[in-house]
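Go ahead and model the full structure; you've got the sequences and the hints to work with.
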Amino acid sequence: MEILEKAGLAVNYNKVPDTKPKTLPKRVHIWDETLRDGEQTPGVALTIDEKIEIAKMLDEIGTAIVAVGFPAVSDTEKKSVKAIADEGLSKASIAAPARAMISDIEACIDAGVDEVPVFIATSDFRLKYQLRMTREEMLARLTECIEFGKDHGLIIDYIAEDSTRSDMEFLCQAYRTAIDAGADKICIADTVGFVRPEVLRHIMKEIKSRLWTESKYKVPMSVHCHDDFGLATANTLVAIEEGVTYPQVCVNAYGERAGNAAFEEVVMALEELYAIDTGIQTEKLYTLSKLVEKNFIVPLPLHKSISGDNAFTHSSGIHSHGQLTHSMTYEPISPSKVGRKREFHLGKFVGRHFVEYLLQMGGVKATPEQAREITERVKKTHEEQKKLQSHAAFESIKGDLRALRTGVSEREFWAIVFDVI
Numbered sequence: 002m003e004i005l006e007k008a009g010l011a012v013n014y015n016k017v018p019d020t021k022p023k024t025l026p027k028r029v030h031i032w033d034e035t036l037r038d039g040e041q042t043p044g045v046a047l048t049i050d051e052k053i054e055i056a057k058m059l060d061e062i063g064t065a066i067v068a069v070g071f072p073a074v075s076d077t078e079k080k081s082v083k084a085i086a087d088e089g090l091s092k093a094s095i096a097a098p099a100r101a102m103i104s105d106i107e108a109c110i111d112a113g114v115d116e117v118p119v120f121i122a123t124s125d126f127r128l129k130y131q132l133r134m135t136r137e138e139m140l141a142r143l144t145e146c147i148e149f150g151k152d153h154g155l156i157i158d159y160i161a162e163d164s165t166r167s168d169m170e171f172l173c174q175a176y177r178t179a180i181d182a183g184a185d186k187i188c189i190a191d192t193v194g195f196v197r198p199e200v201l202r203h204i205m206k207e208i209k210s211r212l213w214t215e216s217k218y219k220v221p222m223s224v225h226c227h228d229d230f231g232l233a234t235a236n237t238l239v240a241i242e243e244g245v246t247y248p249q250v251c252v253n254a255y256g257e258r259a260g261n262a263a264f265e266e267v268v269m270a271l272e273e274l275y276a277i278d279t280g281i282q283t284e285k286l287y288t289l290s291k292l293v294e295k296n297f298i299v300p301l302p303l304h305k306s307i308s309g310d311n312a313f314t315h316s317s318g319i320h321s322h323g324q325l326t327h328s329m330t331y332e333p334i335s336p337s338k339v340g341r342k343r344e345f346h347l348g349k350f351v352g353r354h355f356v357e358y359l360l361q362m363g364g365v366k367a368t369p370e371q372a373r374e375i376t377e378r379v380k381k382t383h384e385e386q387k388k389l390q391s392h393a394a395f396e397s398i399k400g401d402l403r404a405l406r407t408g409v410s411e412r413e414f415w416a417i418v419f420d421v422i
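This note's numbering applies: residue 2 is where the sequence shown begins, and numbers increase by one.
Note that these hints are calculated values from the structure, not bench results.
Hints are supplied without guarantee of correctness; some may be wrong.
For lysine-lysine, the following DSS-like pairs were computed, each having C-alpha atoms within a straight-line distance of at most 27 Å [to be verified]: (1) K380 x K305; (2) K209 x K21; (3) K349 x K399; (4) K291 x K57; (5) K380 x K342; (6) K151 x K217; (7) K23 x K219; (8) K342 x K291; (9) K151 x K219; (10) K57 x K342; (11) K291 x K399; (12) K349 x K305; (13) K295 x K305; (14) K338 x K16.
Encoded structure:
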């Protein structure tokens with residue numbers, strides 16, 4: 002794009018000064034949640050070796066914080082977190098979350114992690130129905146847990162679960178309480194993906210107006226967005242525009258329910274659309290994406306941005322011809338920036354120019370009439386493929402995938418119950 006700009010052939014409106022808020026940071030530190038929230042994708046259960054493999058790859062490409070698991074979940078999970086901590090990462094901080102419970106933090110200490118994000122909800126209905134606490138009890142618990150973690154030499158962060166459905170005054174009171182107790186970072190959590198980007202901007206501004214007036218409360222901020230309405234990446238970017246420097250992401254947007262903000266989308270948007278340094282070696286993003294897909298056994302949508310099979314694949318004759326004339330015609334970035342290669346799809350939308358290009362590359366000479374006939378026959382061949390067979394194969398594959406994500410069946414659950422009781 003830069004070459005086209007310099008030649009006066011294209012305009013990049015992302016560079017217009019008025020479109021960039023003054024609060025936009027120059028550097029962002031990627032906080033990865035693939036091995037924690039990502040593994041909560043229904044049906045996923047990683048082995049210790051798979052977790053170590055992914056953690057090392059995340060570290061290798063420049064991730065700042067890697068949440069490697071949830072030690073309080075089970076002995077097996079605690080062992081896997083400890084295995085990664087014992088193995089060590091060269092640059093990334095090794096994190097593991099804890100509920101606002103001393104026992105959870107003790108599990109993190111036993112696992113040997115560097116950093117513990119402590120989470121507890123701030124919305125009144127969560128306090129009433131899920132936690133059965135008053136506001137005062139919640140703040141006291143939060144103080145106790147953060148002080149306990151700091152006394153044990155940990156980096157402690159506070160995640161205000163359900164921030165975006167919380168009373169603003171109490172939310173900020175919780176943040177002040179956490180910081181007073183020693184929290185190193187605070188996090189805004191759009192736990193159910195409920196807000197629009199401009200609403201999150203409003204929330205961010207309100208928080209800053211209440212906290213940033215005193216220097217001691219101006220600690221680094223994080224954001225954790227879920228994708229229930231398909232807005233996780235957009236909301237994450239808006240939060241960064243308002244000063245967040247530790248966005249939480251998951252590779253391939255994996256995670257609970259509809260997933261989280263996608264690692265690869267957030268990174269590439271920051272690097273290409275905002276010119277913000279993320280410290281990530283972007284040319285290794287595709288390798289990371291495919292590694293996580295393989296270990297999760299959760300297939301990526303073909304049209305997934307950045308890492309989907311179709312992200313840099315051109316189908317129509319117009320698009321293919323455009324790409325052959327200039328690589329930026331129908332691509333916003335070079336595929337090589339994310340470790341990809343450009344591909345072309347032969348089918349009903351193929352154009353004569355691309356057919357002629359293939360013939361030339363193959364060293365085959367053809368008259369214009371022959372090239373047109375070849376083009377028409379390629380289109381017809383695709384159109385006449387038997388859809389019934391394709392539908393049958395598709396449904397069979399979907400059935401196999403559903404079987405892979407079963408987890409523990411209802412029958413197995415009740416067998417366990419009656420074996421115990």
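Hints, one by one, checked against the model:
The straight-line distance between the Cα atoms of K380 and K305 is roughly 26 Å, inside the 27 Å bound, and the hint therefore holds. About 18 Å separates the Cα atoms of K209 and K21, which keeps this hinted pair within 27 Å; it holds. A threshold of 27 Å between alpha carbons decides the hint, and for K349 with K399 the separation of about 25 Å falls inside it, so the pair holds. Proximity of K291 to K57 is assessed by CA-CA distance (about 14 Å); at most 27 Å being required, the pair is judged to hold.
As the CA atoms of K380 and K342 are separated by approximately 24 Å, the hinted pair is consistent with the 27 Å bound. With a C-alpha separation of about 17 Å, the suggested pair K151 and K217 falls inside the 27 Å cut-off, and the hint holds. Proximity of K23 to K219 is assessed by CA-CA distance (about 16 Å); at most 27 Å being required, the pair is judged to hold. Between K342 and K291 the alpha-carbon distance is near 14 Å, which keeps this suggested pair within the 27 Å criterion.
For a cut-off of 27 Å, the pair hint linking K151 to K219 stands: about 19 Å separates their Cα positions. This hinted pair checks out: K57 and K342 have alpha carbons roughly 24 Å apart, not beyond 27 Å. In summary, the hint linking K291 to K399 is supported, as the alpha carbons are separated by about 20 Å, within the 27 Å threshold. Simply put, K349 and K305 have alpha-carbon atoms about 22 Å apart, close enough for the 27 Å limit, and the pair holds.
Only pairs whose Cα atoms come within 27 Å are accepted, and K295 paired with K305 is accepted, the gap being roughly 16 Å. For the suggested pair K338 and K16, the alpha carbons sit about 20 Å apart, so the restraint of at most 27 Å is met.
Violated hints are absent here; each numbered hint is respected by the structure.
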